[in-house]
Amino acid sequence: MGYLSFNLQIEGKAIIVIGGGTVAERKVANILAAGAKLTVISPTVTHELQRLRDSGKIRHSSRKFQPGDSAEAFMVIAATNDHAANRAVAAEAASLGILAEITDNPAAGNVTSPAVIRQGDLSIAISTNNMAPALSAAIKKELTPLFGPEYAKSVRLLGSIREKLLTEGAATTYNTKVLRDLAEKLPALFASGAEGEIDRLLQKHLGADYGLASFESATGENQ
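If you're matching positions, the sequence shown starts at 9 in the working numbering and goes up one per residue.
Do not rely on the hints blindly, as some may be mistaken.
[Said to hold, decoys possible] With a Cα cut of at most 35 Å, we get these calculated DSBU-like pairs of lysine-lysine:
| id | residue 1 | residue 2 |
| --- | --- | --- |
| 1 | Lys65 | Lys148 |
| 2 | Lys149 | Lys45 |
| 3 | Lys21 | Lys148 |
| 4 | Lys65 | Lys45 |
| 5 | Lys21 | Lys65 |
[As the list claims (entries may be wrong)] Label pairs and their computed distance ranges (CB to CB):
| id | residue 1 | residue 2 | range |
| --- | --- | --- | --- |
| 6 | Pro153 | Arg67 | 17 to 23 Å |
| 7 | Lys148 | Arg188 | 23 to 29 Å |
| 8 | Ala102 | Pro153 | 38 to 44 Å |
| 9 | Asp217 | Glu192 | 22 to 28 Å |
| 10 | Asn89 | Leu12 | 26 to 32 Å |
| 11 | Phe82 | Lys212 | 44 to 50 Å |
| 12 | Ala199 | Lys45 | 33 to 39 Å |
| 13 | Ala196 | Gln74 | 31 to 37 Å |
| 14 | Leu12 | Tyr182 | 54 to 60 Å |
| 15 | Lys172 | Thr152 | 29 to 35 Å |
| 16 | Glu205 | Leu130 | 20 to 26 Å |
Since the hints were derived computationally from the structure, they do not count as laboratory data.
Ideal Cβ placement from N, Cα and C applies to all residues, glycine included.
Put together the whole structure using the sequences plus the hints.
Rendered as structure tokens:
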């Protein structure tokens, strides 16, 4: 045990990935959208990592790990097939007191990655505390079809409505009631394309002047 799940703010933070294979590629894909400054250190990298490097989305140092590579990092991920190299990364991270994920020996680091389902700003993390990663993957496969693009739209719309209610100073009890009702109904309405029903639901809670068009910049509708 010993693990507790958090959301970390990593925008602009320096994250170093040691390794350039498929495991490193998955790690990069999982964190790239969060806006971290990603550097991959490896003599060779996959085609996808090459594409990300060539498009300027990540930096790539074409060499093996060297002492001091983690000195300025917020977090380091060791994802090579060289156990000795991974141990060296873990030792340096421990000496620096930074976050570290060691893919071939999770106990040597202090971070593990859950299986994640993402739809826009919705993230659903599935973890077995690294006891059964295959089960996490199986659960992700089972749950993924249940959470389509309608959830991304619902999160964006709910976020805008919540901000509006807070700005206008509506009572907390009223906020809770409105947001709960919308959260229960919006995903299904978006999934079925029932924009008229969404408009009526918004007007019920927010007033006659409100509908999807009022929040289109947030939901991405009509863009």
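Hint by hint, here is what the structure shows:
1. Distance restraint check for Lys65 and Lys148: the Cα-Cα separation of roughly 27 Å lies within the 35 Å cut-off, and the hinted pair is therefore satisfied.
2. At roughly 29 Å between alpha-carbon atoms, Lys149 and Lys45 fall within 35 Å of each other, so this suggested pair holds.
3. As the CA atoms of Lys21 and Lys148 are separated by approximately 28 Å, the hinted pair is consistent with the 35 Å bound.
4. Our distance criterion of 35 Å between C-alpha atoms is met by Lys65 and Lys45, whose separation comes to about 8 Å.
5. Of the pairs offered as hints, the one joining Lys21 and Lys65 holds, with about 14 Å between alpha carbons and a cut-off of 35 Å not exceeded.
6. A C-beta distance of roughly 36 Å is found between Pro153 and Arg67, which places it outside the suggested range of 17 to 23 Å.
7. Separation of Lys148 from Arg188 is about 27 Å and conforms to the stated range, judged on CB atoms against 23 to 29 Å.
8. Between Ala102 and Pro153 the beta carbon distance is about 40 Å. The supplied range of 38 to 44 Å therefore holds.
9. Between Asp217 and Glu192 the CB atoms are about 24 Å apart, so this pair conforms to the stated range of 22 to 28 Å.
10. For the pair Asn89 and Leu12, the supplied restraint of 26 to 32 Å holds, since their beta-carbon distance comes to about 29 Å.
11. With their beta carbons about 45 Å apart, Phe82 and Lys212 fall inside the hinted range of 44 to 50 Å.
12. For Ala199 paired with Lys45, a C-beta distance near 36 Å keeps the hint of 33 to 39 Å intact.
13. The supplied range of 31 to 37 Å is broken by Ala196 and Gln74, whose beta-carbon atoms lie about 53 Å from each other.
14. Hint check: Leu12 to Tyr182, Cβ distance near 33 Å, so the stated range 54 to 60 Å is violated.
15. Between Lys172 and Thr152, the C-beta spacing of about 31 Å keeps the proposed range 29 to 35 Å intact.
16. Glu205 and Leu130 have their C-beta atoms about 21 Å apart, which keeps the hinted 20 to 26 Å range intact.
This entry does not satisfy hints 6, 13 and 14, going by the numbered hints stated previously.
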